[in-house]
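The listed protein sequences derive, respectively, from chains F and E. Using our numbering, you'd call the opening residue of the first sequence number 1 and step up by one each time. Using our numbering, you'd call the opening residue of the second sequence number 78 and step up by one each time.
These are calculated hints, taken from the structure and not from any lab test. Any given hint could turn out to be false.
What the hints assert, rightly or not - Each computed BS3-like pair below joins lysine-lysine, with the alpha-carbon atoms no more than 27 Å apart: (1) Lys50/F with Lys298/E; (2) Lys11/F with Lys291/E; (3) Lys655/E with Lys4/F.
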Amino acid sequence: MSCKICGRTVKENGYCSLHLKAYMNIVEKFKVWSEASGVTWMDYLVEISKNSLTGEWAKDVSKQLIEDESRNVKEEK
Amino acid sequence: MPALKKYTLIITEKPDAADRIAAALDDTGRTRRLAENGVPYFHAKSKDKEVIVASALGHLYTVASTKKGQWDYPVFDYQWVPRWMAEKGASKIRTWLKVLSKLAENADEFIDACDYDIEGSIIGYSVLKYACGGKENVAKRMKYSTLTREELQESYANLLPRIGFALVEAGLARHEVDWLYGINLSRALTLAAKNNSGQYATLSTGRVQGPTLKYLEIREKNIRAFVPTPYWNLTAKIQIGERQFELEYERKAIENKTEAQAIAKSCKTKEAQIKQICVKEFLQNPPVPFDLGTLQSEAYSLFKYTPMRTSNIAQHLYVNALISYPRTSSQKLPPAIGYQSILRKLGRTPLYQKLAHKLLAQPILKPNEGKKFDQAHPAIYPTGNLPEKALDTAERNIYDLIVKRFMAVFGEPALRQSIKVTVDINKNPFFFDGYRTLSEGWMDFYKPYVHLKDFPLPLMFEGQKVEVKKVTLKDDFTKPPLRYNPRSLLKKMEKEEIGTKATRAATIQTLYDRKYIQGGDNMAVTDLGFEVTEVLNNYCPSVVSSEMTRNLEQKMEQIQLEWETKQGVLRDVVEILKPVTLTLKQKEADIGKQLSYAVKKSRLEERTVGKCLNCQNGKLVILRSKKTGKRFVGCTGFFEGKCNTAFPLPQTGTIKPLASPCKSCGHPVVRVWTKTKRPWSLCINPRCPSKEPKKR
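One chain only, chain F, in its complex shape:
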């Protein structure tokens, strides 16, 4: 199976080893963001996807997660 972002071999959760590291960082850092400013998961993803300090892979994953979330919301509707 291929990584949903770059096409490399999947390691876990649909991500290759490189994007998996970024995904895990995103999940881990949400707690810090939430405690700091009470931001929601979706707002958090938007914030980090726009932030110039966010790493390239973390940006790829956050954009992918935003797309997934938006799709889920549409499907639920």
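For chain F, the structure is supplied; the task is to place chain E on it using the hints.
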């Protein structure tokens, strides 16, 4: 060939050194430069004895496989051969060796005068053994750290009875170990990619290269996967007399927005009070003498010269007898180098006169030495000789830096004062700092290279009321780790004890040459670099392990001390490499697939000049027309039938894309190199406004 009866044959590493040695040893003042088939050598007369000083041309021999023509792995059988037999384009070496062999025929005494280090020892040893017909056991050794007349004469008068065999053994082991690593692993990677894609691309790794790339890869992964987190910081501006000062809140980062806003709110006042003034005086010791690593690091920070460039400049200064041997890891300056004599010589130059005389007036000259020690050479120091030819800017910079550093290490410690002022703004503690140099000491000798800056503060007292001009609450984010630069990577390699002072800069250069990394100040790993490291991490982690490399490095150093043998170390290396090459062979198909994809991507990136401004989707790449064979820029969207954008390109010369787009039209810009013209930058858009003829 000179019609001499018998003579002493002295072998040096390079022709420049041979020239200098001949001139230093000659009593008659009539050194003759001779040449045969373009190979220079020098004739001198020393104490009625004829002397021929001939040189190698760096390494004349190298390690090569005993099996010719088989490009496969594993390879564990090798021999030392003349370089022309193993390398393309080294035919000059063949003539060189013939001349050296001829010169050896009439010599009755042999002296190895190559640089006294691992590389120099192998060069001298292999010439004596192979080109001179087994003279390595009878040859004597000249040991010197500068190419000055006095030191060369002294070294010639006090020859060491034998060449340093322990150093030779250590050097041979290092070359053979590196060859075994390089040939087996590089062939495994290259063949895997070639067998998969049918296309050849040189993919290499090595004993030091692998772990070095891994440091970069770990850092790069942390940067690319980095997620910033928010924090808030408070600053205040106060007025004291005529000056305004920027204050920091006691806590550098407040991690909660509500809390940060509450503190900022409580700081809203017009008046604050100086709560505490803490003054400390401290001594700042002089810097330690330069070893190669610290010189490279300082030169990078001051002039942005890469370690490789600094090393080459220093070597040039050494060959011109202006500085001592630069490839040293010592930070010691023994009294035997003659501190006073060097300072007196430096004092002849107007530029250093005042400083040299100031040091000479000191009752005692004692350098502030560092911890590192090198048994072969002292730290880098100026010889005091004046340049025979004008130095270029870069050489002048490095020379001046070495001279000033040499003088600074003899200086008195500097006396500095630090002042920390705590200010109370509505019971919220803020602070600011000041620094002052009370006595310059060594700093006077190291100008303009002193990094320390002064920030003096006005007179203040505790309890003093001050006006608050502004309190600012700023939101900020944590920063990703910094990318390595040539200086910090070199430091990391030194700290991890991998590679040697002479080879580290070249290892970094190889990573650039192989396109595993890019960028100067910000070294970034390319996709190809990631794939190569991942292959090595997955299939042979021992190859990229710092610990393994360090252990091997220590063992090779022990050969020099005769605590370990070359055979023992090589046996260990073969034991490490056998299972590694077996795994690489078994997994060749998977590895090949992974690497081929990365090579293909890397080649495409190399040809990509930028984004297509017409379709906004495709990439503009340099292509060649199948019909006409002509070179042009086309959009990748063409292959999907979506975009026809194309631009003409010059048909001769080398073209490389530049990072910044055209300022006039926004299209990509390329750099063109041709044989006849100076390189120029070209906007690919033929209708770019910048190309329109200027109206008068």
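Hints the structure fails to honour = Violated hint (a single one): 3; every other hint is consistent with the structure.
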